[in-house]
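Colleague: One-letter residues, chain by chain:
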Amino acid sequence: MTGRLVAMSGLLVAVALILQVSLFDAFAWNGVVPDLVLMVVVAGALSRGGQVGMVLGFGAGLLMDLAPPADHVVGRWALALLVAGYVAGRFRQDAGRPTVLTVVATMAACSFVSTSIYALSGMILRDPSLGFGQVLQVIGIGLVWDILLTPLILPGLLALYSRLEPAHAR
Amino acid sequence: MTQLQSRPVTRREGLNRRGSLEPRDPRSPRRSTAVALLLACATLITLDQTAGALDPARRVVGEVFGPAESAVSTVTRPVTSIPGWFKTRSGMKDDLAKLQAENAQLQQQVRTSDYDRNRLAEYDGLTKAAEDLGYAVVPAHVVALGAAQSFQRTATIDAGSASGIKPDMTVVAAQGLVGRVLRVTSTTATVLLIVDSNSTVGGRASSSMKVGFVRGGQLGGDSLELQLADQSATPTAGDTVVTWGSAKAAPYVSGVPIGKVTSVYSSVRDSSKTAAVEPYVDFGALDLVGVVVPSGTKSDRAIIDADGRFKK
Numbered sequence: 009m010t011g012r013l014v015a016m017s018g019l020l021v022a023v024a025l026i027l028q029v030s031l032f033d034a035f036a037w038n039g040v041v042p043d044l045v046l047m048v049v050v051a052g053a054l055s056r057g058g059q060v061g062m063v064l065g066f067g068a069g070l071l072m073d074l075a076p077p078a079d080h081v082v083g084r085w086a087l088a089l090l091v092a093g094y095v096a097g098r099f100r101q102d103a104g105r106p107t108v109l110t111v112v113a114t115m116a117a118c119s120f121v122s123t124s125i126y127a128l129s130g131m132i133l134r135d136p137s138l139g140f141g142q143v144l145q146v147i148g149i150g151l152v153w154d155i156l157l158t159p160l161i162l163p164g165l166l167a168l169y170s171r172l173e174p175a176h177a178r
Numbered sequence: 031m032t033q034l035q036s037r038p039v040t041r042r043e044g045l046n047r048r049g050s051l052e053p054r055d056p057r058s059p060r061r062s063t064a065v066a067l068l069l070a071c072a073t074l075i076t077l078d079q080t081a082g083a084l085d086p087a088r089r090v091v092g093e094v095f096g097p098a099e100s101a102v103s104t105v106t107r108p109v110t111s112i113p114g115w116f117k118t119r120s121g122m123k124d125d126l127a128k129l130q131a132e133n134a135q136l137q138q139q140v141r142t143s144d145y146d147r148n149r150l151a152e153y154d155g156l157t158k159a160a161e162d163l164g165y166a167v168v169p170a171h172v173v174a175l176g177a178a179q180s181f182q183r184t185a186t187i188d189a190g191s192a193s194g195i196k197p198d199m200t201v202v203a204a205q206g207l208v209g210r211v212l213r214v215t216s217t218t219a220t221v222l223l224i225v226d227s228n229s230t231v232g233g234r235a236s237s238s239m240k241v242g243f244v245r246g247g248q249l250g251g252d253s254l255e256l257q258l259a260d261q262s263a264t265p266t267a268g269d270t271v272v273t274w275g276s277a278k279a280a281p282y283v284s285g286v287p288i289g290k291v292t293s294v295y296s297s298v299r300d301s302s303k304t305a306a307v308e309p310y311v312d313f314g315a316l317d318l319v320g321v322v323v324p325s326g327t328k329s330d331r332a333i334i335d336a337d338g339r340f341k342k
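Residue numbers (the numbering used here), protein chains in the order written: chain A, 9 to 178; chain B, 31 to 342.
By construction, these hints were calculated from the structure, which means they are not laboratory data.
It is possible that some hints are incorrect.
To be verified - Distance condition first, Cα-Cα at most 25 angstroms in a straight line; then the derived SDA-like pairs of lysine to any residue:
no. : chain 1 : residue 1 : chain 2 : residue 2
1   : B       : Lys303    : A       : Gly141
2   : B       : Lys196    : A       : Gly141
3   : B       : Lys196    : B       : Leu77
4   : B       : Lys290    : A       : Asn38
5   : B       : Lys128    : A       : Ala34
6   : B       : Lys290    : B       : Asp252
7   : B       : Lys196    : B       : Ala83
8   : B       : Lys303    : A       : Ile155
9   : B       : Lys196    : B       : Lys290
10  : B       : Lys196    : B       : Lys303
11  : B       : Lys303    : A       : Phe140
12  : B       : Lys196    : B       : Asp125
13  : B       : Lys196    : A       : Val81
14  : B       : Lys303    : A       : Asn38
In this text, all values refer to a predicted model and were calculated from it rather than measured experimentally.
Using the sequences and the hints, build the whole thing.
Modeller: Shown next as structure tokens:
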């Protein structure tokens, strides 16, 4: 991982996190907002592979755990986004840029996986006590949000990442 | 495949999982990294759950992200909030007027509830006079709301320890109780809303004066549940529920209206009665709130003091 990649990823994650809590809460649907941070992780993993995806997911999740107004046990989003980064890395194709369908499918899979893992960790840790129906509802709405916004946001993120790509790896 | 072959062959070669001598793709996840990161997650979860050792880290991240959230919110709220409501000088004046009205209303409610308390005191001598609860309110705006994906109802407000706010202070809005302060940074504070499923507030049904506990209800829905300590007492629909407060006014001061009883249902399992309470505050549209601080608190902004006057 180069310094520029780390710096850009950090900046993107920070911006996504702030927009997620301070701007998109005004458009929340039953309290559910689009997972902008997850989109950055998926973009990183799709263009750079699972290794980068996992590290990026861990870092982004840790930030989500620590930044206000979070109050849950630290490490839960880190775990969820770490796995999401790994999953997105598996979707990466060696040849050429990913197709729109791949990107949307990856995003949907990662949205489902990350929210589910986060909810499951909450059930195991009893932090907070949750009902199964609520969890399914949140996962469902989150999935719709992410699928709707992926075609608008992810191409830009992917372009940013591919511009940073070292020439010999193209 | 063409891509793999075109790469320089400086990489370590070895038998891969498929048993061929293909070079390992350096971008595929390494097992050692995965194990290390998973262990790091487990360690973090354990540390935070057992000892709360990560509070300094939360504070540091909050010091950075809090002001950024405030800034983004200040820029975008006028657009995202109700159309036509712009943050101008006159808007701020409206805020002042609104908060003064809110404080006056709270004062009145405190007074009436004290009256009720005294009436109750005749029966059981349970309560003490609440003269020492001089309320002063620090005005603040909500700058960030926790997402439902985190299964929590928390908010960030743009006032922190520099404004005299400390953990376990009561947060109110013009309509009623909002929640309590969980932790503060110098310029922001994190508030646990009463609709969070981890939140418990001591509540009192105003008609019967019976005490009970108000808990956060279903996620997403803004509903509360009131469970009375006295199982024989039945709250009635339309009853107002107010806080009964705790010692030293932390985390909740007394007499703040919480909500209205909408329906009562009984549970067969533990033969208790639970009332559904509709909060007075609209948690989807939280904006201007006030943090209840002791009268005479030093603050970097104007405080609405106990007598309802603005004081710098």
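Colleague: Does each hint fit the structure? Answer for all of them.
Modeller: Now for the hints, and whether the structure bears them out:
Taken as a hint, the B/Lys303 and A/Gly141 pair is honoured in the structure, with Cα atoms around 23 angstroms apart against an allowance of 25 angstroms. For the hint pairing B/Lys196 with A/Gly141, the CA-to-CA distance comes to about 36 angstroms; that exceeds 25 angstroms, so the pair is violated. Only pairs whose Cα atoms come within 25 angstroms are accepted, and B/Lys196 paired with B/Leu77 is accepted, the gap being roughly 24 angstroms. Distance restraint check for B/Lys290 and A/Asn38: the Cα-Cα separation of roughly 22 angstroms lies within the 25 angstroms cut-off, and the hinted pair is therefore satisfied.
Proximity of B/Lys128 to A/Ala34 is assessed by CA-CA distance (about 22 angstroms); at most 25 angstroms being required, the pair is judged to hold. Using a Cα cut-off of 25 angstroms, the hinted pair B/Lys290 and B/Asp252 holds, with the two alpha carbons roughly 12 angstroms apart. For the proposed pair B/Lys196 and B/Ala83, the alpha carbon gap of about 19 angstroms is at most 25 angstroms, so the pair holds. This hinted pair does not check out: B/Lys303 and A/Ile155 have alpha carbons roughly 43 angstroms apart, beyond 25 angstroms.
As the CA atoms of B/Lys196 and B/Lys290 are separated by approximately 29 angstroms, the hinted pair breaks the 25 angstroms bound. Distance hint between B/Lys196 and B/Lys303 is unfulfilled; the C-alpha atoms sit about 35 angstroms from each other, more than 25 angstroms. In summary, the hint linking B/Lys303 to A/Phe140 is supported, as the alpha carbons are separated by about 24 angstroms, within the 25 angstroms threshold. For the proposed pair B/Lys196 and B/Asp125, the alpha carbon gap of about 23 angstroms is at most 25 angstroms, so the pair holds.
Between the alpha carbons of B/Lys196 and A/Val81 the distance comes to roughly 21 angstroms, so the proposed pair stays at or under 25 angstroms and holds. About 28 angstroms separates the Cα atoms of B/Lys303 and A/Asn38, which puts this hinted pair outside 25 angstroms; it is violated.
Violation of the numbered hints given earlier is confined to hints 2, 8, 9, 10 and 14; the remaining hints are satisfied by the structure.
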